[in-house]
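Engineer: In the order they appear, the protein sequences are chains A and B. Using the numbering used here, you'd call the opening residue of the first sequence number 1 and step up by one each time. Using the numbering used here, you'd call the opening residue of the second sequence number 1001 and step up by one each time.
To be clear, the hints were calculated from the coordinates, so they are not data collected in a lab. Every value quoted in this text rests on a predicted model; they were computed, and no experiment measured them. Fair warning: there could be bad hints in the mix.
Claimed, not checked - Mimicking DSS-like on lysine-lysine, the simulated pairs with C-alpha atoms at most 30 Å apart in a straight line are: (1) B/Lys1314 <-> B/Lys1038; (2) A/Lys78 <-> A/Lys92; (3) A/Lys111 <-> B/Lys1080; (4) A/Lys90 <-> B/Lys1337; (5) A/Lys111 <-> B/Lys1278; (6) A/Lys90 <-> B/Lys1395; (7) B/Lys1467 <-> A/Lys111; (8) B/Lys1448 <-> A/Lys239; (9) A/Lys34 <-> B/Lys1080; (10) B/Lys1427 <-> A/Lys92; (11) A/Lys34 <-> B/Lys1278; (12) B/Lys1314 <-> B/Lys1259; (13) B/Lys1158 <-> A/Lys114; (14) B/Lys1151 <-> A/Lys213; (15) B/Lys1337 <-> B/Lys1038; (16) B/Lys1337 <-> B/Lys1252; (17) B/Lys1165 <-> A/Lys34; (18) A/Lys114 <-> B/Lys1427; (19) A/Lys191 <-> B/Lys1038; (20) B/Lys1138 <-> B/Lys1395; (21) A/Lys265 <-> A/Lys239; (22) B/Lys1080 <-> B/Lys1395; (23) A/Lys111 <-> B/Lys1402; (24) B/Lys1427 <-> A/Lys93; (25) B/Lys1448 <-> B/Lys1395; (26) A/Lys34 <-> B/Lys1252; (27) B/Lys1080 <-> B/Lys1427; (28) B/Lys1427 <-> A/Lys111.
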Amino acid sequence: MSDNKNANQTPDTGHSWDDGALRELLNEPPGWWKLGMWVSLAWVLVYFILYPSIPLATDFTKGVMGWTAIKEYKADLKEVEELRAPYEAKIKKMSASAILADSELSSYVEKSGKVLFGDRCAACHGSGGAGNPGFPVLADDDWLYGGDINTIEASITDGREGGMPAFGGSLSAQQLDDVTQFVIGLAQGTKHAAGAAVFEEQGCSGCHGEDAKGVTFMGSANLTDGIYRFTPGTAESVKYTIAHGVNDGSDPETRNAVMPSFADKLTETEIKKLAVYVYKLGGGQ
Amino acid sequence: MSSKPENQNKTDHIDHEALYEDADYWHVNTGEETIHAKRMPGRFRTLKWWSASIWLIFFLGPYLRWDGHQAILFDIANRKFHIFDITILPQDVWLLAVVMLFFAMLLGAVTSVAGRVFCGYFCFQTVWTDIFTLLEEKLEGSPAQRARLDKAPWNARKIRIKVIKHFLWILIGLLTGISFTLWFADAYQMWESYLTLTAPLVAWVTVATFTVFTYIFAGFMREQVCLWLCPYCRIQGVMYDCETILPTYDVKRGEPRGKLKKNTDPQGRELGDCIDCKLCVAVCPTGVDIRHGQQEGCITCGLCLDACDSIMDKIHRPRGLISYISLDEINGKPKLKLFQRPRVLGFLAILVVSVAGMLWGVTHLGSLELSVIHERQPLYVIQSDGSIQNKYELKVLNKTDKPMDVDLTVTGTPYTPTIHGATMPWKVAPGDVGAFTVFLRIPGSEFKQERTTVVFTVSDVEDENVKAVYESMFFGPGH
């Protein structure tokens, strides 16, 4: 019988089943497959010579090309920096208000400012300047020290430290309640005569102004709007602020309100970028 | 063949010879033998040349000019497709999906009607292999001469012929690669950059890849690509049904086959019409024997029909021993009309939908697009005067080729939002996206809800009808 199921007459392993109907033939792998294997092997050798590859006891082979991932990263970074260089050079020479006026530069700065803000500011002020309990919202138009670009830049550079004496010792419980109701009423449009009297005689207007709208020169809060420096804006919270003050060293339970200076933490360019970014969050004036 | 034992126990005494009888003629060429197909003129040969010439568009298309620019240019770098007067931006890329659907359904429809028409007549693998083997025949001679040359020892003549052949093959591969790249950048500039060796790396890599694969696929692998590399081969096989017309050997007429003895009258012989001349096998580019019926190796190119018809003419028998015929027809069943075949109708219906989609898409490309991203951090801000402010980033795409000034209006809400932080009109460069930040404010006394819908509309200052609309949300504290 001619072996017509084995056209190439390939030798078999001698393993056969079903009276020789099933056999295991010794077929060679296809040529292209073997070629692929040898080419791959050759490539491995070439790769080992060119690139860092073989781990040694304390070191590794460096490869003749001297390639490292960190070098590649640095080269890429350099490329990006070259792209940014013309903008950065301009920003360095310009004032924050001039950058703001230039639409192309200000949108460039907004993007890099966002990264800086995330690194440096968002921990307290929240991402997007959304604010956090005890830390002011930067996206609204209520500013303690003023919302123009130069003031914002100054606030970042030099920092800010709020100050309000604690009235807990000098006011009776009744007076404290009255003045609290008066302050709450300012924003809600209701009047509280007894509280107004306390406000007057304690000299609150000396800092917060005759109209209680705050004085940006001193960083005193505007008491007539619904935005509170210390949230939530409830009577209890307002009363606490009046009783314990802000940064009053004589009261251990005083409110804390310190914005650190970034003059020695950031470059001037970075501060300009942040000022523009904060300005454009929604409350710049 | 052993005779079957009486009272056989089916599980214990399987007749292995009978079981494997079917496999006797099985021969799967896995590339160890080169198919040297014979070329001969005929109806399907001519048809094949016409269908193959569609690939001239591939080579010549990039040089076509339109309005001072390349008529068809897939400008990937600038993310614009130019097709004559139409410019397609990435935002309209859904059109590409419709185009792909169209071709997929066309493949389905054609295959269910007439088999692997694509494989046999249009596929680049078939066409390029055809050209490569044509060159081979011009240089090396007939299939027999080619087989002899392959076995012959290396001498000056063999070396000369082989070097010229491989040079021409690589040249075709190179031209294929270059032509491909010309669709993606200005054709003339690309040629200049190739000739001055200043083309970008990606272009060189593309050309090299195409050259290598054209050379290997059409020069060496040939039918092997169809047999085990190409998915469409197998996909199309399942689109056949009993009504699909395919190159088919008429078994009833042809069998029993037998050699025609000299000086005998073919009309009166007791054997079938097949004289077992094996010309149908000799001309087959994939090396199959069509007389075994439809099989995976058959790309339905019709060349065996030409071959068989020429023999039938010579022995004065009617043509069509091998012909395009459906299984039903050969079994004497009535032939169904196209509209009676649900499969064809299904393909056609989707085909019509995709054509409609393409037409609608091309005529409704529009010239302005808008998308609005609502700032989520913070969702809203309460201003000093008690109003609620939301921040939005607007992206305005100008699809025209002129700069456009656009205005913004906000509607779609019972409240009266005011727009802040934007100086209208905005300028948007042609084919570009302008990003703008705006703030909407609604008085707090007015807005007590958690949110309301707002509809942003940007429109061309010069033509109000050119506009784009986007629905977004306005958020508030909700008390």
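Engineer: Of the hints given before, which are not true for this structure?
Structural biologist: 4, 5, 9, 11, 13, 14, 15, 19, 20, 21, 26
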